[in-house]
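Chains A, B and C are the protein sequences, given in the same order.
Numbering of the first sequence is given in our numbering, commencing with residue 21 and proceeding in unit increments.
Numbering of the second sequence is given in our numbering, commencing with residue 2 and proceeding in unit increments.
Numbering of the third sequence is given in our numbering, commencing with residue 3 and proceeding in unit increments.
By construction, these hints were calculated from the structure, which means they are not laboratory data.
Just so you know, nobody snuck in bad clues.
Taking lysine-lysine and the DSSO-like style, the derived pairs with C-alpha atoms no more than 27 Å apart in a straight line are: (1) B:Lys-54 / A:Lys-254; (2) B:Lys-28 / A:Lys-251; (3) B:Lys-28 / A:Lys-243; (4) B:Lys-35 / A:Lys-243; (5) C:Lys-203 / A:Lys-224; (6) A:Lys-213 / B:Lys-67; (7) A:Lys-267 / A:Lys-224; (8) A:Lys-207 / B:Lys-49; (9) A:Lys-32 / B:Lys-70; (10) A:Lys-213 / B:Lys-54; (11) B:Lys-54 / A:Lys-251; (12) B:Lys-54 / A:Lys-33; (13) A:Lys-184 / A:Lys-243; (14) C:Lys-339 / C:Lys-273; (15) A:Lys-264 / B:Lys-54; (16) B:Lys-25 / A:Lys-254; (17) B:Lys-67 / A:Lys-33; (18) B:Lys-35 / A:Lys-251; (19) A:Lys-224 / A:Lys-264; (20) A:Lys-217 / B:Lys-70; (21) B:Lys-54 / A:Lys-217; (22) A:Lys-32 / C:Lys-203.
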Amino acid sequence: MQQVYSTPKSIKKDSTFTFCAGCDHGLAIKLVAEVLDELNLRENTIAVASSGCSVFLYDFLDVDCIESPHGRACAVATGIKRAHRALNEEKFVFTYQGDGDFASIGLSESLHSALRGENISVICINNTNYGMTGGQMGPTTVLGQHTTTSPNGRNVKYHGYPIKTAEQIALCDGTCFSARVALCDIKNIINAKEQIKKCFEYQKQNLGFSFVEILSSCPTNWKLSPSDSHKKIKEELSEIYPLKVFKDIKEND
Amino acid sequence: MSFIEIDNNKCKSCYLCIDVCPFKLIKKSETIGKTGQNIVEFKDENSKCSACKMCAMMCPDIAITKVWKT
Amino acid sequence: MNQKELLKGNIAIAKAAINCGCKCYFGYPITPQTEIGEYLSNEMEKRNLAYVCAESEIAAINMCIGASSSGAKTMTSSSSCAVSLMQEAISYACSDELPIVIVNVMRAGPGQGYIYPSQGDYDQSTIGGGNGDYRIICLSPSTVQECIDMTYKAFYLAQKYKNPTILLLDGLLGQMAEPAIINDNPYEEIDNSSWVLKGAKNRPSRQINSLEPNQTKLNSHIFKMFEKYKQLEENEQDYEDFMCDDADIIICAFGSLARCAKDLCSYYRQKGIKMGLFRPKTLYPFPNKKLEELSLRAKLFIDIEMNMGQMLRDVRLTISHNAKISFIGKPVGDWLKKEELIDAIDKILKENYATSL
Numbered sequence: 021m022q023q024v025y026s027t028p029k030s031i032k033k034d035s036t037f038t039f040c041a042g043c044d045h046g047l048a049i050k051l052v053a054e055v056l057d058e059l060n061l062r063e064n065t066i067a068v069a070s071s072g073c074s075v076f077l078y079d080f081l082d083v084d085c086i087e088s089p090h091g092r093a094c095a096v097a098t099g100i101k102r103a104h105r106a107l108n109e110e111k112f113v114f115t116y117q118g119d120g121d122f123a124s125i126g127l128s129e130s131l132h133s134a135l136r137g138e139n140i141s142v143i144c145i146n147n148t149n150y151g152m153t154g155g156q157m158g159p160t161t162v163l164g165q166h167t168t169t170s171p172n173g174r175n176v177k178y179h180g181y182p183i184k185t186a187e188q189i190a191l192c193d194g195t196c197f198s199a200r201v202a203l204c205d206i207k208n209i210i211n212a213k214e215q216i217k218k219c220f221e222y223q224k225q226n227l228g229f230s231f232v233e234i235l236s237s238c239p240t241n242w243k244l245s246p247s248d249s250h251k252k253i254k255e256e257l258s259e260i261y262p263l264k265v266f267k268d269i270k271e272n273d
Numbered sequence: 002m003s004f005i006e007i008d009n010n011k012c013k014s015c016y017l018c019i020d021v022c023p024f025k026l027i028k029k030s031e032t033i034g035k036t037g038q039n040i041v042e043f044k045d046e047n048s049k050c051s052a053c054k055m056c057a058m059m060c061p062d063i064a065i066t067k068v069w070k071t
Numbered sequence: 003m004n005q006k007e008l009l010k011g012n013i014a015i016a017k018a019a020i021n022c023g024c025k026c027y028f029g030y031p032i033t034p035q036t037e038i039g040e041y042l043s044n045e046m047e048k049r050n051l052a053y054v055c056a057e058s059e060i061a062a063i064n065m066c067i068g069a070s071s072s073g074a075k076t077m078t079s080s081s082s083c084a085v086s087l088m089q090e091a092i093s094y095a096c097s098d099e100l101p102i103v104i105v106n107v108m109r110a111g112p113g114q115g116y117i118y119p120s121q122g123d124y125d126q127s128t129i130g131g132g133n134g135d136y137r138i139i140c141l142s143p144s145t146v147q148e149c150i151d152m153t154y155k156a157f158y159l160a161q162k163y164k165n166p167t168i169l170l171l172d173g174l175l176g177q178m179a180e181p182a183i184i185n186d187n188p189y190e191e192i193d194n195s196s197w198v199l200k201g202a203k204n205r206p207s208r209q210i211n212s213l214e215p216n217q218t219k220l221n222s223h224i225f226k227m228f229e230k231y232k233q234l235e236e237n238e239q240d241y242e243d244f245m246c247d248d249a250d251i252i253i254c255a256f257g258s259l260a261r262c263a264k265d266l267c268s269y270y271r272q273k274g275i276k277m278g279l280f281r282p283k284t285l286y287p288f289p290n291k292k293l294e295e296l297s298l299r300a301k302l303f304i305d306i307e308m309n310m311g312q313m314l315r316d317v318r319l320t321i322s323h324n325a326k327i328s329f330i331g332k333p334v335g336d337w338l339k340k341e342e343l344i345d346a347i348d349k350i351l352k353e354n355y356a357t358s359l
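Bound conformation, chain A alone:
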């Protein structure tokens, strides 16, 4: 008998995710842990968590981890990466942020890290709302979407447009990799892991700012079952937020 699946080593033993049932955060963290295992990065990694549901990262990942103030994860990661270089050490540094964190309150830090080509990796969870505070309209809330602060649906005249983060980050010269993936079915999960792996490998190769946006479900605030949430991503959201690689510095060569 052969064991073909086990809990990733980079997940803390006996830790239980505190996310809502069916939340894709758990899937995303699991994939990150699997990639850290496969690239043998665990012992050399410093992860940066930020505010929002993403902050609990350090309760689950068995790596050195620091929590940043809301939105500033990329600045904190910049400090970590640069400080270790000043100390003649090379560390693997990534941030794990929500869309509100990365693309709203922290857009300045995020964008400038990408523009500088800061050699860090970013995993950004896009669940189209502010999840932790109970589902308010965020920068990625799609047109027509009902949230607690867009009770009649987001409309352009009143609320303005949402941001397409992976597309914007791909425009930066310092970005080496920018992709959007989803976790709504097995095929997409396998693809998501591949892209996260590429994102992390590019940092190892010193290619610059590498970014993966994960289109994720938020069943509690969407008021849908986990299964219907995945269906919504597959059928509706992936039309608005295309699942593809927007920049790959190696492909462009």
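Take the given structure of chain A and dock chains B and C to it, following the hints.
Leaving out everything else, chains B and C in the frame of chain A:
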């Protein structure tokens, strides 16, 4: 006979594994879990499990902790 | 090295930082402290150290959070209204117990104010401008030489107490040149291997975070922080007492303004009035032990500040009813001139000692 191990303390009854199993070997059980709903159980009376791991890959809570293949 | 040179306060701080092993500097330009970043940009690059022209002060202080968690000596510098931008991260860094040196070369406020010297950030620096219960170590140099010495001390205390430390000076001292010596860093290095984040190799993984959903744990964390502050208040109070031994009247002043106060002591002593100066060198911890001792003998304390009376509260809390306290203050810009001060002090003396003048 391939099989999976489920950690009942981690299952939050999201039922994503039920959808994904190609042989429908995972079902709601009689046991109530910590979210107040029936957690899942693995029943493979005809040894159909192929250890495809899709349930484990889909589980957001790593409640499917091990998959064994024979 | 170790020769007297003509140095601006800002440059002296930058040179001392390099000399004491500062590995990371992150900053954003603002008058009157820009020379610190300008000088360090070249020096850090030459040495392959970390220097980032950050996109904002918010980014700069957060880069400091990251860098200091790595165990590298880390510094940022800024001025008043921009230090306000950093307050959130300073609160985090206090809870995270990270040693960061923050140089604040004060300008006049509130709001944008202007680039005139001021001491208007005493409250923000000592009480803290961020949320929650915390304290920041705060050092106040009065000369360019002290800018150097206190830069060393700021790094030392930050590392020793694992707490952000503010070097607080006004634009006058930052922009003023006078002879000073870049001496060697006199402080020992503090071992940080028990808490820095370098990857979980051959040890359990570590976390640096301020979020704590368990209120018992959050309470005990803050109690622990305040144990540390108690140690600071016990061991690190620093001051200069100038002609205080026999003084009837003692001026309380800090920073560049205290230099002027020294002149006043000589001026009044020539007139037969025994005047002294009490100058806190650490604003937090405030040197209340010595001030209280002085208040048991001297009759009158005159607190002089380039603000509307911020240190005055600490002075009052310390002296209480032991002696009389008067205040002379001007919030903005041009330094309180000697003549201006003499007029104001004469008035106070007349009120208190009508017969003696």
